[in-house]
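Chains as they are written, first to last, in the numbering used here: chain A, 1 to 193; chain B, 194 to 306; chain C, 307 to 1312.
It should be emphasised that the hints constitute simulated quantities derived from the structure, not laboratory data. Just to be clear, a hint being listed does not mean it is correct.
Chain B residues, not near chain A, derived (Cβ > 12 Å throughout) [to be verified]:
1) GLY223
2) GLU239
3) GLN253
4) CYS255
5) GLY256
6) THR265
7) THR273
8) PRO294
9) THR297
10) ARG299
11) PHE301
Okay, the calculated bits of chain C under chain A, using three or more residues with CB under 8 Å as the criterion [to be verified]:
12) 529-536
13) 1299-1312
Small disclaimer: the values here were computed from a predicted structure and weren't measured. C-beta atoms are modelled at their ideal positions from N, C-alpha and C, and glycine is treated no differently.
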Amino acid sequence: MSEAASALSGAAYEGGLVRVADAGLQGMVTLRGDLEAEAIRAAVREASGCDMPGQRAITAEGDAAVAWMAPDEVLILGPHARAGDTCAALEAALQGQHHLAVNVSDARALFTVTGEDAAVREVLAKLAPVDLSPGAFGPGDFRRSRLAQVPGAFWMPQAGVMRVICFRSVAQYVFDLLCTSAAPGSRVGYFEA
Amino acid sequence: MLILHCPYCGVMADETELHGGGEAHLTRHGPGSSDEDFHDYLFAKENPRGVHFERWRHVQGCGKWFHAARDTATLEVFGTYPAQTTEPPKAIRKAITAKRPGWTWRGFSDPAK
Amino acid sequence: MSTRLATGGRLLDKGRQVSFTFNGKRMTGCAGDTLASALLANDQVMMGRSFKYHRPRGVVASGAEEPNALVGLGTGARFEPNQRATTTELFEGLSAASQNHWPSLDYDIGAVNQAFARFLPAGFYYKMFMFPRVFWKHVYEPFIRQSAGLGKAPDAETRDADTYEHFHAYTDVLVIGGGIAGLQAALAAGRSGARVLVMEQTPHWGGRAPVDGGEVDGKPAEAFIDAAVAELEAMDNVTLRLRCMGAGVYDHGYVLGYERLSDHAPGADGPRHRLWRVRAGQVITATGAIERPLSFAGNDVPGVMLASALRDYVVNWGVSAGDRTVVVTNNDDAYRTALVLLDAGLNVPLILDARAGGGGALADEARARGIRVETGKGIAKVKGRARVTGVAICAQAGEGAVLEEVPCDAVAMSGGWSPVVHLWSHCGGKLNWDDALAMFRPDAGRAPTGHDGAPFVAACGAANGEFGLNAILKDANTAGQTAARATGHKPGRKGAPKASDAGDEAPLEQVWLMPQGANIKLRMKAWLDYQNDVKVSDVQLAAREGYESVEHTKRYTTLGMATDQGKLSNINGLAVLSNVLGQPIPQAGTTTFRPPYTPISMGAIAGEARGALFQPIRRTTVHDWHEAQNAYMEPVGHWRRPYCFPKAGESHEDAVQREVRATRDSLGLLDASTLGKLIVKGPDAGRFMDMMYTNMMSNLAVGKCRYGLMCSENGFLMDDGVVARLSDDTWLCHTTTGGAERVHAHMEEFLQTEWWDWQIFVANVTEQYAQFGVVGPNSRKVLEKLGGVDLSKEALAFMQWTEGTLAGIESRIFRISFSGELSYEVAVPASMGRAFWNKLLEAGKEFGVTPYGTEALHIMRAEKGFIMIGDETDGTVIPQDLGLNWAISKKKEDYIGKRAQARSYMTNPERWKLVGLETVDGSVLPDGAYAVGEGVNANGQRVVQGRVTSTYHSPTLERGIAMGLVLHGPDRMGEVLDFPRLDGSIVQAKIVDHVWFDKDGEKQNV
């Protein structure tokens, strides 16, 4: 699908506190089911190579990751082209087990915010009512919240990198929010060690 | 602006992540119910000063509905618990008794009584 | 005259001159000046005029409590009225203008109000503007509007040139106030390892201590402050913010901080203000205290100032308010001002101590240094109009007989100190009256409580009613340690540093009026609230007229209702009221303290939410294409949808008519991506679908579609859409545009809170797909041209769906129609939305493909008689009103809304019912017009019997068509109703069947 386009086709912003970029196409599969059930856990491991994450956590392995969305929901991340197969594989593996697996890759936009760790945290803390201090949030954590006026979720694959998910229709709004929060001269200095 | 503990995802959620859903532990009345029961189900709501049970949804989070036991005057939160129950759990009722001895709300009260 | 002193000015960088203008006049100050100190340095004592009487007013205070020195600051896009000169840091090029005068500060016409002051008493507006009623619109209101309002509003056409932002901060302990109390509390809490955030509203740490003197650990207070700040800065767990005001304390430890980042450096990079949205485990208010004025005649003449302010100007900014200053006081603290003035080489001819017994050690020192001190004496009146020229002295115990006149050019007054209890009180902290110190102070036993029911605010230092250095530091140390402990940290045992105790102090004496028996003439010149021009006589009048509650008196007299919210006046006014009523002060109580502590900018409240970020706008995958075509967009929920696609020179109306005709004649395209799409899956999905929709959904065959209605538990129609059964246990529900989130929430609510034992999962996949309506007689041809899926009538009949690869793109194709035409909706992955749209346009060229907007959509659905949620429904309409009984299952025992629809009001035959309406003359009925009946109702209004819900010009029928709800409508076919227009003329319309176009569905079924 060479004509496939992500929400903002790779738009990027530099020159502020951090770099903000549309991360391009990302495979995403929503899986709902009993996360404690061995069949579900096994299917997730098989589909992603990742362990089932605990509450508000994200596990990663290679180009795949599994994020905890709710007590009965995970988001499985992987290459965009593979999302349909992942869905089908889950479907096949979970015959007879109540679940819902659905490809939501195109329903969302993904941004990458990179820069100095404290600055990256600040940019998000201007938008979300979440404690983003290093002691409260870091790599391995996954948080759903709001970004100003829209729902969003974010996690840190590593220090100095934040990945931000929102619905596709508000991609421009969220991109503009992140850029505004990263405007030159707007450092807060609250997360400085 | 309140913070409530979401029993599903474990965060102390800011009120701006939440959506209030009115009185908790309502019994749905459908076809066949009396006019009075149906009217009360839809419109007759508790409005106490003091202990109250409410429904909240962590709408900008895990999306789950939960219940909160709260004092409407002081805003003290006695506890939150999953919505999949028809009555407040014993532990919550005990917690309220510890703070507000002699409380009653609709048919509910101190579990020891 | 007021002038810059050769010495002093600890906050100044005297080497750096700063030039600015005041009312257009060029002046010079120093770096470190406030606008107020710089104006005083330029002998500009008069800084504005009062609100009601336009009396000349000078600066009274030196900080946030200032009521008089308000200016319009900046110009153009950066103009802002009502800025306090005392908290405005001077910067190069600052431009300020005084307020409430015309034509000029020195000569003002409004000042004639003073002559009529006795006719403008408390409650004047309520009494004067009552009758006659007709005068309101043309006389009273214009008069009040002309004279009302503090300062000038910015030009409506300008746009704020600055940016603003919010910041969410979480901390264990928040300390509000960076004086010695705040710093010591922060040290005590910070040493425990707790996260500590300290906010100080001014640009300097240390508060009053460096001015008031005293030693800590044997060193000057300033050295302690420097060491404390250095220690705090070195702690990783502590954040210090200057120019950041604790604006409000709210429930559950939520606090707003207002940080002014570039007010002192306009145009700098970054936001001008930042609103801190703090969640704190514990809040310590170390907000200090504010000195009270004394109430004597002429206490508002420029040059009369708070004793502490005079002291601040000398010590902090090296400015004297006058050469000869008379001090008048009821306590010892004002003697410090006399001594500071003496140290600066200025003259203090007299100290008037209202206390018969006089002062303590400080008074002795003043006498020893040769100052004349008169005890039991006060000021009868201040001489001078635009400037103090002297004071007339009287006995405090008397009625104001003048004993002597003393020339002077400044007066320093002190009526005692009031702790700043605002932030303590915002969230419910209670106060006690301390009669010895004449002040309300926080009652630690009745602190604001948080989510766990435990106290979360503690006041310390002067804010807690502690005034000695030692007592302040000890109190603050305890507050810091207690807060640390309350947030789960171990504070250690380190005590507060030792401070030098002040010498023997004589107790304050309560003086609420000077002299105590002042006659009415004097009382009418004794100001309580400078900003709103409220005098002692006004409060007394209010009390006599029966306004005995302090809250009523406040509103009647406007005492404390100005932008300073009565920081200087509330306690004095309260005391005057209590005296008239003959009741103790605590019985009268205080008015409510409400946030913010001082006014904060609207920009800070809005934060990033302005311009393009004011509201999220939802865009479809072809939004850019629509914009490139110059589509006229309309908001539908947060979405933007094309209303129509006008060609060059074409009106919107014409474009809509063209789009309808082109679609009906050949081929139209609709971006339907905004329709909601929800997947419902599980073993119990069928019974759940039957509960959610009024019609039967469980028996829908896989591969088929069905139109469904969704009601609320109240029975009212809330949404509609086409449901497709995807597999044995999976349904796909389409919702209205913008309805997806609401319907999804509705489903989740019942799943989670009512039928949690049912096995169902719902997912919102609205944005996973781009969905396009391919509509018109040539729609099948264009899709067949794209190729890949058999779309023949046999393969895909009306109300069926199929999946396949269309034009190489994975697609789901629904054969449904909202127009009455042969029509398909094609859903493709959103990432392929734009690509597929391009292919449709390309393939459709030969058919004259015409993208159409929402208005053409509406017209075509109305021609076909389909209802639209939000037009035919308004939250009070049930499906039965719309003749949709065919879509309400009678077999089902239950569905959401079924019980409600059986209520007597819902089954009433008098409910208005849906019909079609055709104007007799073919014109278009006005939208929302009412059909009138005979006679009037109980309120004397014309009886109505129906209303228009949708109305259009139909290009297909070439006439106006409308739908409406009409009393007994379906039984009155052919009857003609009268619909008055706004101008009173009548348009007549005939009741007809509301399906105009292809009633038998022959066109869509080909």
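Query raised in the report: So which hints don't hold here, by number, going up?
Result: 3, 4, 5, 12 and 13
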